[in-house]
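K.L.:
As a plain string of letters, each chain reads:
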Amino acid sequence: MLFLIIKRILLGFITLFIVSIITFVGTEVLPGDACTTYLERQAFGEQLEACYRRLGLNVPAYERYVSWAFNAIQGDFGYSLSGEMPIKEVLGPRIKNSLVLASAAIFIGIPIALILGIITALWRDKLPDVAISTVTIFAMTIPEFISATLLILIIAIWLEWLPGIVIVPTDVSFLELLPNIILPVVAIAMIMTAHMARMVRSSVIQVMASEYVQMAILKGVPYWKMVFKHVLPNALLPAINVVALTIAWLLGGVVVTEVVFNYPGLGRLVIESISNRDLPTVQALAIILASIYVSINLLADLLTLMLNPRLKTLQIRK
Amino acid sequence: MTDIIQKVKNLSIGFRSKKGEEILILKNINTNIKKGETVGIVGESGSGKSTLALAMMGYVKHGLYTIGGECQFNSSNLLKMKSKDLEKIRGRKIAMIPQNAGQALTPNLKIGYQIDEALQLHSDFDEKEREKKISELLNKVRLPSPETIALRYPHELSGGQQQRVAVAMALAGTPDLLLLDEPTTGLDVTTQAHVLELLNFIAKDTGTSMVYVSHDLGAIAQVSDRIIVMYSGEIVLEGPSRDILKSPIHPYTHGLLKSIPKLSLAGLPESMPGSQPQPGTIQSGCSFFDRCNFSDENCKNNSPKLEFLKDLNTSVRCFNYEKLVNASQASQTFNKIKNKSLDKEILNLSEVSISYAKQKLLDQIFNRISDDNPTVKDININIKKGETIALVGESGSGKSTILKSIAGLLRTKDGLIRFDENRNLSSDLKERDPNDLRIIQLIFQNPDESLNPNHTVEEIIAQPLKLYFGLKGEELKKNIIDLLQKVRLGEFYTSRYPRQLSGGEKQRVAVARAFAAKPDIILCDEVTSALDVSVQAAVLNLLQQLKEDFGTTYIFVSHDLAVVRAISDRVAVLYQGRLCEVGPSNDVYKFPSHPYTEVLLGAVLEPDPDIKPKLVAEDIVEERPPEKGCSFQGRCSRILGDICKKEIPPWQLTDSGNAIRCHIPIKELQKEQF
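Respectively, the protein sequence lines represent chains S and Z. Take the first sequence: its position 253, counting from 1, is numbered 253 in the numbering used here, and each next residue is one higher. Take the second sequence: its position 231, counting from 1, is numbered 549 in the numbering used here, and each next residue is one higher.
If you are wondering where the hints come from, they were derived from the structure by calculation, not from laboratory data. From the three backbone atoms N, C-alpha and C, an ideal C-beta is built for every residue, glycine too. You may find that some hints are simply not true.
[Unchecked claim] Part of the chain Z face toward chain S, derived, beta carbon under 8 Å: (1) S401; (2) D403; (3) A422; (4) L439; (5) S441; (6) M487.
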């Protein structure tokens, strides 16, 4: 078991290493570099040389990769070009913002998704299922920019209950921030919840049809005890990986929603730095997003392994 | 009438088809289960036997519904009961032992908890007493070290152990009635015999009534006092077990018993034509009419009623049962098979060993296999042209593994596979040329999985014809129809899809596909074990007929020793991937034999209440073959001592040419143990 965990963590690092090389090479081969972008028309002669020296672009690429990677491991991603401030400082608040949005969506969305999924499965083809399933399929199919815009139109413009876009700086206290982020959270949670609820529904239905559930019924186990003891633990195992992917997706920034609500999260930073040709920031973002995906998937796999007795023994035997 | 525990009254269960028609799965069933008796319900798949058993617990599967009738337990109808009241009866008064315990135990809960759950629900014991009771129950079903078993998860037990846990769980509520739904199907022969013996013991010990549902007359014969025979949703025959097995007076039961291969008789049993009708297809007349040898005009138009014959104490649903009353079952003769096996060798395995061990990186890179204790080892078999050789053994004996290697699906570690005396066949499929592939064809166990569901029968059979012979157009069509006729399927089958065929028909298509390649050798992997008994005999007969016509050689893998006895010329007995005994089937089935062969033969269940299985060795499951010595040392009841544990036993030849690999001298083996 321990061996397996170590192996998985090592594999995660290898993935990150490959991602870092790909992004580094990718930004190298693009025509132009940070200095030509920064200096624009003055990008020649003495000025360009000076810029190269200042940014350390005058040494061979592999040397730059090594020093960049070495610093990146320590959390130093160098300087952003546009603002000329450390990337660390640019990223910090953005990560925090994305985290706030994501965790709000997760805490609301996942429990609702589980409950809806279980209800629809247990009352399969009955009224609760038909009603909830219609709504979830509807929520799944509407693109988020439409649902977000509709939310702004109805709640913010017509009813004037909540602000339509995020107007306060994000470093205010949570209570002050809260009314601003309700709408983006709802917009994200809607689509995420719908997807997950459908997944949970089919998983629970599958388990309900299994022979061991039939056996539990024939053993005289009362309905709800059967649901909680025999059905849910087995039905929710496959959901862990889906939840993990959703969380990673949320943390990586939900670009569209952030743009619609003018929310300064990671997703918008990605778009901004790409259009500004802020290559050091793009590199840093690629590595950070990759780390988020790798670590959350790793956590999900380990959790599945711990909760599924079948996998646990199989691994030990090997 | 107080001794009746369950009363089934006019019970009909069915479903509604897409067209809105009501289709009956059970038609007007009436029967009583008495206190302390064991009733066997026998029938083929689709006869409604499991639906009946589940209805006796007040359970109707999703999609089915009760059309009429009652299942009375203590004079209340279970089918109309509220689920709260049912929860108090299920597990406490009536308990179920499921077909497949591996699937029926909840995977995330420990064995101990699952039994404890039943105790909590159905007894008043406190925690301490329950803990003691769990150990007691596990002990009663003869599981070793109950304390450790209780802490395990279901997947950590073997199939036989899981089945025992299911029995323990059912006994936890001390039920008055036990329903057993094919409780031994899917277990190895030896395990099956042990579980049946346990069930018999429990029935006597606790006085519990049992309803034993099975397709296997052999198992039914061992346990039941009374037998109910079902066909197409109806009871066709019901009476005392002995009478039904010795002199069945319904044509279906008569034919069914005749179609079962027997251990004591060589040769192929008679087969019954056709197969059971699909639910809803019979409009009028007797549902067995199409397949019956005793039918007349009356049977075609009128459905017979279940008639109780007082002097025979038997109920029968047949107009012409009198024709069968005095027809003796004993004078059974089998069509002896005649094989023209030539002296020419067609396939030779020498020193073949196969490993499933995960290979180290270095070995993977150099594409070699290293394993000191491979799954299959030292296989030397010489197969002659035109003979049928059978590989038998329990699951894990390596019989299918060897077959896969011959087919080229699995690489061998060592050894040679030689075709036609001089051509070496690579065990790697990629290195075989098209002709190498053509000469060896495989027929799989389960035609549902081996036939592509998106291809019509025509496309399925056309594939080898196009691939190996490049046939096209008219000629292709003609060949396909020819092949279909050879397997006794008409031309109109060409446009059908596998899902539109019955199990037997599907297997015939698989046989036709194998013969399409005009192979020299056909590998048959448990080809009849997914089929119903009455269909099994027909497929065996077909295989034999084709073999006589084409002079093909069969390598036949089966766990069913009676089937092997019926069709094979020679038998090779395998244990843990090592050969134990090889010889002409007549001799292998007689003494002297290898101790393992003795175990296998002893465990076979015959559909005869007078022949009881002999349980020679424990049904332990060994995970891997022993490192040294005889492969069977772990379970052998005749073990000599150190020599068996250290030295690989020598091959000994009997007078008739039967080779036995054992340290015990032939003369000693001659003495029957029991």
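K.L.:
All hints are to be evaluated individually against the structure, with a verdict given for each.
P.N.:
Hints, verified against the model:
{"no.": "1", "hint": "S401", "in the structure": "7 Å, holds"}
{"no.": "2", "hint": "D403", "in the structure": "11 Å, violated"}
{"no.": "3", "hint": "A422", "in the structure": "4 Å, holds"}
{"no.": "4", "hint": "L439", "in the structure": "5 Å, holds"}
{"no.": "5", "hint": "S441", "in the structure": "12 Å, violated"}
{"no.": "6", "hint": "M487", "in the structure": "7 Å, holds"}
Figure legend: structure checked against the earlier numbered hints; hints not met, in rising order: 2 and 5.
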